[in-house]
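K.L.:
First to last, the sequence lines map onto chains A and B.
The working numbering numbers the first residue of the first sequence as 1 and each following residue consecutively.
The working numbering numbers the first residue of the second sequence as 361 and each following residue consecutively.
Hints may be right or wrong, so weigh each one.
Said to hold, decoys possible - Anything over 10 Å on all C-beta distances counts as not near chain B; from chain A, calculated: (1) G33; (2) L52; (3) D62; (4) N172; (5) L182; (6) P199; (7) E223; (8) K276; (9) D339.
Said to hold, decoys possible - 27 Å max Cα-Cα, derived DSS-like pairs, lysine-lysine: (10) K249(A) - K444(B); (11) K249(A) - K467(B); (12) K246(A) - K304(A); (13) K249(A) - K456(B); (14) K30(A) - K84(A); (15) K246(A) - K444(B); (16) K49(A) - K246(A); (17) K45(A) - K249(A); (18) K202(A) - K163(A); (19) K296(A) - K276(A); (20) K68(A) - K45(A); (21) K456(B) - K246(A); (22) K444(B) - K467(B); (23) K36(A) - K68(A); (24) K346(A) - K293(A); (25) K276(A) - K293(A); (26) K246(A) - K467(B); (27) K202(A) - K467(B); (28) K30(A) - K49(A); (29) K30(A) - K68(A); (30) K338(A) - K293(A).
Hints in this document: simulated from the structure, not taken from any laboratory.
This structure is a prediction, so every number in the text was calculated from the model and none was measured.
In this text, a Cβ means the ideal position worked out from N, Cα and C, and glycines have one as well.
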Amino acid sequence: MAAKGMNLCNVCCLLLYVITAVLAGRDFYKILGVSKSASIRDIKKAYRKLALQLHPDRNQDDPKAQDKFADLGAAYEVLSDEEKRKQYDAYGEDGLKEGHHSSHNDIFSSFFGDFGFMFGGNRQQQDRNIPRGNDIILDLEVTLEEVYSGNFVEVVRNKPIAKEAPGKRKCNCRQEMRTTQLGPGRFQMTQEMVCDECPNVKLVNEERTLEVEIEQGVRDEMEYPFIGEGEPHIDGEPGDLRFRIKVLKHPVFERRGDDLYTNVTISLVEALVGFKMDIVHLDGHKVHIERDKVTKPGARMWKKGEGLPNFDNINIRGSLIITFDVEFPQTQLDDQQKDGIRGLLKQGSVQKVYNGLQGY
Amino acid sequence: MEMILALKALVKSLLFVLLWSFCEGKDSDLNYVTCGSLVKLLNTRHNVRLHSHDVKYGSGSGQQSVTGVDAADDSNSYWQIRGKPNRPCQRGVAIKCGQGIRITHMKTGRNLHSHHFSSPLSNNQEVSAFGENGEGDDLDVWAVQCDGDHWERDEAVRFKHTGTDVYLSVTGEQYGHPIRGQREVHGMSAPNQHNWWRSMEGVFIQPSQEPLRHDEL
Numbered sequence: 001m002a003a004k005g006m007n008l009c010n011v012c013c014l015l016l017y018v019i020t021a022v023l024a025g026r027d028f029y030k031i032l033g034v035s036k037s038a039s040i041r042d043i044k045k046a047y048r049k050l051a052l053q054l055h056p057d058r059n060q061d062d063p064k065a066q067d068k069f070a071d072l073g074a075a076y077e078v079l080s081d082e083e084k085r086k087q088y089d090a091y092g093e094d095g096l097k098e099g100h101h102s103s104h105n106d107i108f109s110s111f112f113g114d115f116g117f118m119f120g121g122n123r124q125q126q127d128r129n130i131p132r133g134n135d136i137i138l139d140l141e142v143t144l145e146e147v148y149s150g151n152f153v154e155v156v157r158n159k160p161i162a163k164e165a166p167g168k169r170k171c172n173c174r175q176e177m178r179t180t181q182l183g184p185g186r187f188q189m190t191q192e193m194v195c196d197e198c199p200n201v202k203l204v205n206e207e208r209t210l211e212v213e214i215e216q217g218v219r220d221e222m223e224y225p226f227i228g229e230g231e232p233h234i235d236g237e238p239g240d241l242r243f244r245i246k247v248l249k250h251p252v253f254e255r256r257g258d259d260l261y262t263n264v265t266i267s268l269v270e271a272l273v274g275f276k277m278d279i280v281h282l283d284g285h286k287v288h289i290e291r292d293k294v295t296k297p298g299a300r301m302w303k304k305g306e307g308l309p310n311f312d313n314i315n316i317r318g319s320l321i322i323t324f325d326v327e328f329p330q331t332q333l334d335d336q337q338k339d340g341i342r343g344l345l346k347q348g349s350v351q352k353v354y355n356g357l358q359g360y
Numbered sequence: 361m362e363m364i365l366a367l368k369a370l371v372k373s374l375l376f377v378l379l380w381s382f383c384e385g386k387d388s389d390l391n392y393v394t395c396g397s398l399v400k401l402l403n404t405r406h407n408v409r410l411h412s413h414d415v416k417y418g419s420g421s422g423q424q425s426v427t428g429v430d431a432a433d434d435s436n437s438y439w440q441i442r443g444k445p446n447r448p449c450q451r452g453v454a455i456k457c458g459q460g461i462r463i464t465h466m467k468t469g470r471n472l473h474s475h476h477f478s479s480p481l482s483n484n485q486e487v488s489a490f491g492e493n494g495e496g497d498d499l500d501v502w503a504v505q506c507d508g509d510h511w512e513r514d515e516a517v518r519f520k521h522t523g524t525d526v527y528l529s530v531t532g533e534q535y536g537h538p539i540r541g542q543r544e545v546h547g548m549s550a551p552n553q554h555n556w557w558r559s560m561e562g563v564f565i566q567p568s569q570e571p572l573r574h575d576e577l
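Please construct the entire structure, taking both the sequences and the accompanying hints into account.
P.N.:
Dropping the structure here:
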């Protein structure tokens, strides 16, 4: 009797669990691997990283690749839109209105450009004969703050797209030699322009939004290509749009590789008796410095882990190297002060003469 | 009854405020030409795009020539909008009407430039492309003249040269070989129908969020 009851209970529980599992919809935060309080930037960053990993072209032997990729697209579409995210947070996936869903291809191509065959060599080399439109290279200026924390740049691309038009046009024009017979045994060779007939095209301007990621630790001159977003070619493929990173100089920090250099001027008193201070870093956090010994002019302090993140592994950071220089008091000393200082410092006269430029 | 009417009025005004604030928010920089953007500039009177290439003038200054072309798909017609020398503009911020900018040719890295030389076909003021890697001199600066506060993408604007006070213009004269069919671009002292330009194709940079807030610096 009890066993039967137990069985019924189990079955009910199982049924309930299955029903909720099905109705509850997907956990978009889990799919993207972000916390519920993630910022839009974190979400974009996570999407971009996972999109490259999960793209079906890259996972040809995984039967679930298409589904995983589709889930990723749906997750990004909802969590990147403020309105939809609010609805999802409150009501789950089912609570989302049946509005217009952009295709995942649109989302993917706004991060990477057209043509998903970027994997395995940028362009299939067998298409060498297909003419290509020009590439466009845009110098993108980035601040050191953006190199430290990363950022996304939204860009509106307005470009001409070839559309069908009524009629025909001449294409693949080339010079050919034509032989004509003038009489018995007399021939003439002439050059002639021969063209094929193709459907007519006209160029229409269209617009779309692209997202460029400024990755943490990005170096000067690095490029982010968007395949197919360059200039069109009437008889072939469009060229690419490439963003070339140009890192701007910073008023406080100088970059050398992954290390940051900065200078601090302290007073003569601070140099002699010690001091405490904070340096505000590129993302606003404070680097605390304390000295209780004498600090010589030109002295360097090495702060490990306070440099820039390494582009290939953002868990590794360079160092912050601080060079101190000393500001002497502006006022002149009177005789009494001079005697006082001689007494305090107890340092004899040195007056060593040497060639400082040759390291003697 | 009165309560219901008052409530209705309140709801209506709330909705209006909501809609209005929503509209304000939507007035983003999507429609402006911003600092750092790449654009093609179309002369509206003659329907040609501002263009340059590695071909030098045969007369005048002998510097790189600037012309107007019919084609819409030539990457040599792309120019980048940048700030004045030593005064970079902030990436993604809309250009103000009256602001001085440099217009840098994407492919060759030379700036749109003018000076007291005569143009080869019409004897107006020569307009050339000058400098290396985006750096030239003070005669690279042009002021954007437009109505309103900022340079709108679909608005016709004028470019006035800051050093010599001429307007970037096209009057239709055409070159022969080796740049057959391309129009002469020159500077004219009077504003007229020949010096209106519109942004067309391009890559328009939107303003970014600050990576993280700073209290100082």
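K.L.:
None of the hints should be skipped; say for each whether it holds.
P.N.:
Structure-based check of each hint:
1. G33: Given that every Cβ of chain B is farther than 10 Å from that of G33(A), nearest at about 21 Å, it holds.
2. L52: holds (22 Å)
3. D62: The assertion about D62(A) holds, with a minimum of 35 Å to chain B.
4. N172: Holds, since 17 Å exceeds 10 Å.
5. L182: holds (34 Å)
6. P199: Non-interface label on P199(A) holds, nearest chain B Cβ at 18 Å vs cutoff 10 Å.
7. E223: holds (14 Å)
8. K276: Check passes; 17 Å lies beyond 10 Å.
9. D339: holds (41 Å)
10. K249(A) - K444(B): Distance ~17 Å between K249(A) and K444(B) Cα, so the pair holds.
11. K249(A) - K467(B): Holds: K249(A) and K467(B) sit about 24 Å apart, inside 27 Å.
12. K246(A) - K304(A): holds (26 Å)
13. K249(A) - K456(B): Holds, at about 25 Å.
14. K30(A) - K84(A): holds (17 Å)
15. K246(A) - K444(B): holds (17 Å)
16. K49(A) - K246(A): Holds, because 23 Å separates the two Cα atoms, which is no more than 27 Å.
17. K45(A) - K249(A): holds (25 Å)
18. K202(A) - K163(A): holds (5 Å)
19. K296(A) - K276(A): Cα-Cα ~16 Å, so holds.
20. K68(A) - K45(A): It holds: about 18 Å lies between the C-alpha atoms, which stays within 27 Å.
21. K456(B) - K246(A): holds (24 Å)
22. K444(B) - K467(B): holds (20 Å)
23. K36(A) - K68(A): holds (20 Å)
24. K346(A) - K293(A): holds (17 Å)
25. K276(A) - K293(A): holds (11 Å)
26. K246(A) - K467(B): holds (16 Å)
27. K202(A) - K467(B): holds (25 Å)
28. K30(A) - K49(A): holds (14 Å)
29. K30(A) - K68(A): holds (12 Å)
30. K338(A) - K293(A): Since the Cα atoms of K338(A) and K293(A) sit roughly 23 Å apart, the hinted pair holds (cutoff 27 Å).
The structure fails none of the hints (numbered hints given earlier).
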